[in-house]
Amino acid sequence: MELANTLSQDGESRGGVLAHLERLETQVSRSRKKMEEPQSAQAEESALGTRIHELRRLRDKLRAEVKQHQASVKASTTNVEPDQTLEITEQESLKRKRENVKAILQAYRFTGISGKLTSRGVCVCISTAFEGNLLDSYFVDLVMRKPLQIHHHSIPVFIPLEEISAKYLQTNIQHFLFTLCEYLNAYSGRKYQADRLQSDFEAFLAGPLQRNSLCNLLSFTYKAEPEGQFFPFCARLLYKDLTTTLPTDVTVTYQGTDALSTTQEEQRAAHEDLFFTKPLHQVFTSFARKGDKLDMSLVS
Amino acid sequence: MRSETAGDVVRAKEMDETVSEFFRRTILKIPLTEMMTILKTWNFLSENQLQTVNFRQRKESLVQDLVLLCEENRASLNDAALLDIIYTQFHRHQKVWDVFQMSKGPGEDTDLFDMEQFKSSFKKILKRALKNVTVSFRDAEENAVWIRIAWGTQYGKPNQYKPAYVVYYSQTPYAFTSSSQLKSNLPLLGQALTIASKHHQIVKMDLRSRYLDSLKAIVFKQYNQTFETHNSTTPLQERSLGLDINMDSRIIHENKTEKERVQRVTQEIFGDYPQPRLEFAQYKLETKFKSDLNGGILAEREEPLRCLVKFSSPHLLEALKSLAPAGIADAPLSPLLTCIPNKGMNYFKIRDK
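Chains as they are written, first to last, in our numbering: chain P, 1 to 300; chain F, 1001 to 1353.
Everything labelled a hint here was simulated from the structure, so no lab data went into it. Backbone N, C-alpha and C define an ideal beta-carbon position, used for all residues, glycine too. Some hints here could point you the wrong way.
What the hints assert, rightly or not - Restricting the straight-line Cα-Cα distance to at most 20 angstroms, the calculated cross-link-like pairs of lysine to aspartate or glutamate (EDC-like) are: (1) 116(P) - 1272(F); (2) 1040(F) - 1141(F); (3) 240(P) - 163(P); (4) 1290(F) - 1268(F); (5) 1198(F) - 162(P); (6) 33(P) - 45(P); (7) 116(P) - 1268(F); (8) 1343(F) - 162(P); (9) 33(P) - 22(P); (10) 167(P) - 1114(F); (11) 240(P) - 1114(F); (12) 1221(F) - 163(P); (13) 1198(F) - 163(P); (14) 1353(F) - 1286(F); (15) 1198(F) - 241(P); (16) 102(P) - 1228(F); (17) 240(P) - 1116(F); (18) 1221(F) - 1141(F); (19) 1104(F) - 162(P); (20) 240(P) - 1111(F); (21) 167(P) - 182(P); (22) 74(P) - 136(P); (23) 1104(F) - 163(P); (24) 240(P) - 1108(F); (25) 1288(F) - 1303(F); (26) 1221(F) - 136(P); (27) 116(P) - 1139(F); (28) 167(P) - 1108(F); (29) 1221(F) - 241(P); (30) 1104(F) - 241(P); (31) 240(P) - 1109(F); (32) 240(P) - 225(P).
Said to hold, decoys possible - Derived, one-sided and incomplete: chain P residues facing chain F with beta-carbon distance under 8 angstroms: (33) 102; (34) 105; (35) 118; (36) 123; (37) 141; (38) 152; (39) 157; (40) 211.
Chain P extracted, bound-state conformation:
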């Protein structure tokens, strides 16, 4: 209503209604801004204010901590004589050196043969390994006397310890230990292969793996593919050399009642070669991976 009056009274109002509206709009926004500015300024102010308080608090806290630390350092250094502090650090360094040497002595067993002096002689530890896997350790406790005697040991009874000691113990102890090491490592390696076959490739075997104490005669019926119910082959591995982990004799026979086809004969011959050249569990790993196609490139 007012608007209309204004217009009717003053016909010379600039721009007319719309222009007037525009002017009113700008007035409102300006006044609003003016109201907001102190508000935002205030908000900014209060924010900065709280930040200042926080920083002051943090500064005071850190100052107090520094003071405390300085005080404690002063206290500890004032109580101790200057050469005692030197002793402590010397003690510490000696302790560290001793720990270091101990660790090296402990790590020696990874070399395969290690020992520790005992009250009556030396206790030798033979640590066996196969394909980078650390296996069982065996001990021989020697009494330093003339003649050299074995006090007690943990060598399995089927390893020919008496034979080896009769040959070398008195004359060449190095040879004695190395020979024993050879036998034990080979035994551990064969045992490892047999254990792996039994546990990891049970599905490939018909019935249990036939083995003996030395793991130097292994006999099993198997198939080369993960699927199928027929176990076509029978393998017999002999390890006549007790210092090796690969067989000296391999016989693979075909089990089927039907005549042996050429592909089966090829397979059979290829398997024999594989068993000769690769560790037992690796042969079966290749069976598992290749499925029915036998990778002839594995045969070196």
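Dock chain F against the given chain P, drawing on the hints supplied.
Same frame as chain P, now just chain F:
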């Protein structure tokens, strides 16, 4: 379609009466607390079949039900023998075990022991000599076999209730046998073992005990298994052997040095390890009387005196070990007592040299 309920008696018995009776008596031996474990180890009756049986009924009825199930499964004498082996394995202490040692000729080739060959060879040798014999095998651990032998005679069937047992670890010279009442068959048993395991000679050791595992530990030299290494985190501590000298400060030990000496000597001889378990040591003496005093009737006697000294204990070696620390004997003990595990003997014959 035949149902598998235990009470189904309609089918005619297909099993021999003697075998049936053998089953009944074998199952009857098994204590109720072990019944399930042993049957599961035997693995002859299926899970379903075992579920149909009421294990809380009176033992006689339970045994009857189980025998019926065995008959349903057409169990053979060999199955019964296998069950008997398993029972004996669980109750090995009920038998007294002897130890035999075999030897090979010098310069033999590598022993390529084939378990199947051993078993068939062993059985063949016995059957060739004695037509009426039951031989059963059960593999144990990785490299051992338990053999059960029921002896018969030329005209009589094997007696299943007095079997002999042999435990043999491949590629070792030792065999453990349960003392059989039928001693006359021992040479044949020895022969079969020797030939089948490709040895030349067999000798009975002077070692006997109920504790098969201790005998094994003694002959395989597995009883002393503590070794000094850099890797052990705890230092070797001397066990106090029941004596704690520093227990009470109000007690002063006058003979402390002697006590410590006794402890040290005992530890040197017996070691820190648990002793293998034996029940007795027997010494047969055939010696002339020795006396410091001159004269006396016994001193003049030309013939040696014969007597038997027997030491018995639930755990002989531990008892001997505690003698000196307890003040009952002087340390060191007589080597006749302390050599028992080292020599692998607990039967001694002592004669004048």
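To see whether the hints hold, each was checked on the structure:
1. 116(P) - 1272(F): holds (18 angstroms)
2. 1040(F) - 1141(F): holds (17 angstroms)
3. 240(P) - 163(P): Satisfied, since the Cα-Cα distance of roughly 17 angstroms is no more than 20 angstroms.
4. 1290(F) - 1268(F): violated (31 angstroms)
5. 1198(F) - 162(P): holds (19 angstroms)
6. 33(P) - 45(P): holds (17 angstroms)
7. 116(P) - 1268(F): It holds: about 19 angstroms lies between the C-alpha atoms, which stays within 20 angstroms.
8. 1343(F) - 162(P): holds (16 angstroms)
9. 33(P) - 22(P): holds (16 angstroms)
10. 167(P) - 1114(F): violated (28 angstroms)
11. 240(P) - 1114(F): Since the Cα atoms of residue 240(P) and residue 1114(F) sit roughly 13 angstroms apart, the hinted pair holds (cutoff 20 angstroms).
12. 1221(F) - 163(P): holds (16 angstroms)
13. 1198(F) - 163(P): holds (18 angstroms)
14. 1353(F) - 1286(F): Holds, because 11 angstroms separates the two Cα atoms, which is no more than 20 angstroms.
15. 1198(F) - 241(P): The given pair, whose Cα atoms are some 18 angstroms apart, holds under the 20 angstroms limit.
16. 102(P) - 1228(F): holds (14 angstroms)
17. 240(P) - 1116(F): holds (18 angstroms)
18. 1221(F) - 1141(F): holds (18 angstroms)
19. 1104(F) - 162(P): holds (13 angstroms)
20. 240(P) - 1111(F): holds (8 angstroms)
21. 167(P) - 182(P): holds (15 angstroms)
22. 74(P) - 136(P): violated (55 angstroms)
23. 1104(F) - 163(P): holds (13 angstroms)
24. 240(P) - 1108(F): Cα-Cα ~12 angstroms, so holds.
25. 1288(F) - 1303(F): holds (7 angstroms)
26. 1221(F) - 136(P): Answer holds: residue 1221(F) to residue 136(P) is near 18 angstroms, not above 20 angstroms.
27. 116(P) - 1139(F): Roughly 39 angstroms between the alpha carbons, so the hint for residue 116(P) and residue 1139(F) is violated.
28. 167(P) - 1108(F): Within the cut-off at roughly 16 angstroms; holds.
29. 1221(F) - 241(P): violated (25 angstroms)
30. 1104(F) - 241(P): holds (19 angstroms)
31. 240(P) - 1109(F): The given pair, whose Cα atoms are some 9 angstroms apart, holds under the 20 angstroms limit.
32. 240(P) - 225(P): The hint is violated at about 29 angstroms.
33. 102: Holds: closest Cβ of chain F sits about 7 angstroms from residue 102(P), inside 8 angstroms.
34. 105: Hint on residue 105(P): holds, closest Cβ of chain F at ~4 angstroms, below 8 angstroms.
35. 118: This interface hint holds because 5 angstroms falls under the 8 angstroms limit.
36. 123: Holds, about 5 angstroms.
37. 141: Residue 141(P) check passes; min Cβ-Cβ to chain F is 6 angstroms, inside 8 angstroms.
38. 152: Interface hint status for residue 152(P): holds (4 angstroms vs cutoff 8 angstroms).
39. 157: Because about 4 angstroms separates residue 157(P) from the closest Cβ in chain F, which is inside the 8 angstroms limit, the hint holds.
40. 211: holds (7 angstroms)
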